[in-house]
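K.L.:
For reference, the chains in residue letters:
2 protein chains.
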Amino acid sequence: MNFELTVLGTSSAVPTSVRFPSAHVLNAYEQFFLIDCGEGTQMQLRKFKIKFARINHIFISHLHGDHYFGIYGLLSSFALQKRKNELHIYAPEELRKLVKVQLKYLDLGFPISFHYLNFDRKKKILDTKHIEVYSFPLKHSISTCGFLFQEKERERNIIKAKIEKYQLGLREIVKLKSGNNVEREDGTVLDYNDFTNSPSKARSYAYCSDTQYYNKIADYVKDVDLLYHEATYMDIDKALAKKTMHSTASDAAKIASKANANKLILGHYSGRYYDLKPMLIEASKYHNNVVLAHDGFSFSLPYKK
Amino acid sequence: MNFELTVLGTSSAVPTSVRFPSAHVLNAYEQFFLIDCGEGTQMQLRKFKIKFARINHIFISHLHGDHYFGIYGLLSSFALQKRKNELHIYAPEELRKLVKVQLKYLDLGFPISFHYLNFDRKKKILDTKHIEVYSFPLKHSISTCGFLFQEKERERNIIKAKIEKYQLGLREIVKLKSGNNVEREDGTVLDYNDFTNSPSKARSYAYCSDTQYYNKIADYVKDVDLLYHEATYMDIDKALAKKTMHSTASDAAKIASKANANKLILGHYSGRYYDLKPMLIEASKYHNNVVLAHDGFSFSLPYKK
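The listed protein sequences correspond, in order, to chains A and B. The first sequence begins at 796 in the working numbering and counts up by one. The second sequence begins at 796 in the working numbering and counts up by one.
Do not take every clue at face value.
Pairs count within a copy or across copies, as identical chains cannot be separated in the list.
Straight-line alpha carbon distances no greater than 20 angstroms define the calculated EDC-like cross-link-like pairs of lysine to aspartate or glutamate that follow [unchecked claim]:
no.	residue 1	residue 2
1	Lys1017	Glu881
2	Lys877	Asp1032
3	Lys899	Glu889
4	Lys899	Glu888
5	Lys972	Glu948
FYI, nobody ran anything at the bench for these hints, they're computed from the structure.
Using the sequences and the accompanying hints, generate a full structural model.
P.N.:
Here it is, written out as structure tokens:
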């Protein structure tokens, strides 16, 4: 099943002609999670052919405009398209009021459930059939969360040839797949290890929005497969990173390394950098699997043994 | 001197992958007037290489999101770029509150003067050295204005050869250029018609934002050189145009014709139309100089005799 990330925007606060503000979409089992919603998100969704109607969950990391100014236009378009499905928004509490004031004259026509973020600790905020979502605190100039999307452990795979050979019943198959032995009435024991193969490992993606270098992130996203970490600045501007409570590409890579993340993707680049390759070089000193996201960057997490 | 229009967005309420929401920029004598500011305006300004710092006047026709949701991001970017110059915003009164709520935590660092629109009658709202701007009421589901940008009459051009021949003084030149005769101390009269040529005629541009077909517009923009009139729908959807208080391309062309507008440009197209040529054909039945705007469309009004 799909576990695919699309990056819609890679600019920091001030967009450029080729970089829109922050927004990511994770397609996990055909559930489309929109993570941050900077200005122009709805145009980027159109451009990269992601259907509005597939989005039922929006996560807003914090209330700096480049992470949420696109939500008004997106909600308006949902309404104009006669959306009926409930929309879940996970965000700082104040967003509810902002949306209310902004869309005062608009009859949305669909329900919104607001879920307020907690900025003190890591917390499970959503639990679906296949996916769990956690928020965790970052360290920025205002209250900010990151988000971890964790695929649930999959069941073991039954070895098909054995179904017929042993005339396995449905209950027996279910029990074996869940990792339990089956004892038959005649006393024979079917060892699940003989009848099933290990499932592919659960996959995970973490989104680390605006933050300064913050040790605890590594614990929050320990062993994550795909880590997005903001990289607003290069080392030469690290004083600026400190002042604005943002990270350098090196900071991001140090966190990724500490967290044992398999792959790191960078974004949220300051508009002062046109050529980003030197940023990649800096980050690659601290982690061996770093890529630079661009607007439209897409990565599908493979199954892994 | 420049009198050049750039269209930043041509979608109606719901943008498409190639059409952003409404925003126009008129460069009149290197004053950049931003007219409406739909979501993504700042990205379009970047794309079409119009410097933020050149914009000191923003005109918002009405408070439907596709005409102003971009203002928050633009103001934020102004602030982040350390803008100091005063910004003038001509808009419905309520925008002031919306901006205040939205940018509560942002230290803008530059002054904004709000000028509230009047929706009852045509009114001069700005008078600069070279340009006068008027607002005028349109007919839409909420209070909405159009805007007329009128170049002031230019002075007559002095015929240079005559300056030396008649040893004209500065005061004499000024008087002749303003269309007055000069009587010299010796009693000779210099006829301004002999010493000057007619100036090029004053140019004008009118922006007719969301509106249903509305007769009075033709009076408000009488003899305008360049008329933008919304054309959300084609004739086949005229029932929808009526219901939503928008115009068809034919409506726009009828107004242009009635107003004796020299050139009509269309925009604000419904996302249901992919190919716009049939729209052009419909409009061309009623006006002989119609063009379809697209995002990035630019037109420089020539001098005219």
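K.L.:
Taking 20 angstroms as the upper bound on the Cα-Cα distance, should Lys899 and Glu889 be classified as within, between, both, or neither?
P.N.:
Both: 16 angstroms inside a chain and 12 angstroms across chains, each within 20 angstroms.
K.L.:
Quick one: Lys1017 to Glu881, C-alpha cut-off 20 angstroms, is that within a copy, between copies, both, or neither?
P.N.:
For Lys1017 and Glu881, the Cα distance exceeds 20 angstroms both inside one copy (32 angstroms) and across copies (49 angstroms).
K.L.:
Reference check for the pair Lys899 and Glu888, CA-CA at most 20 angstroms: within, between, both, or neither?
P.N.:
both (18 angstroms within a copy, 15 angstroms between copies)
K.L.:
At 20 angstroms max between alpha carbons, let me know whether Lys877 reaches Asp1032 within a copy, between copies, both or neither.
P.N.:
between (47 angstroms within a copy, 18 angstroms between copies)
K.L.:
Give the relationship of Lys972 and Glu948 under a CA distance limit of 20 angstroms: within one copy only, between copies only, both, or neither.
P.N.:
within (12 angstroms within a copy, 85 angstroms between copies)
The earlier numbered hint that this structure contradicts is number 1, and it is the only one.
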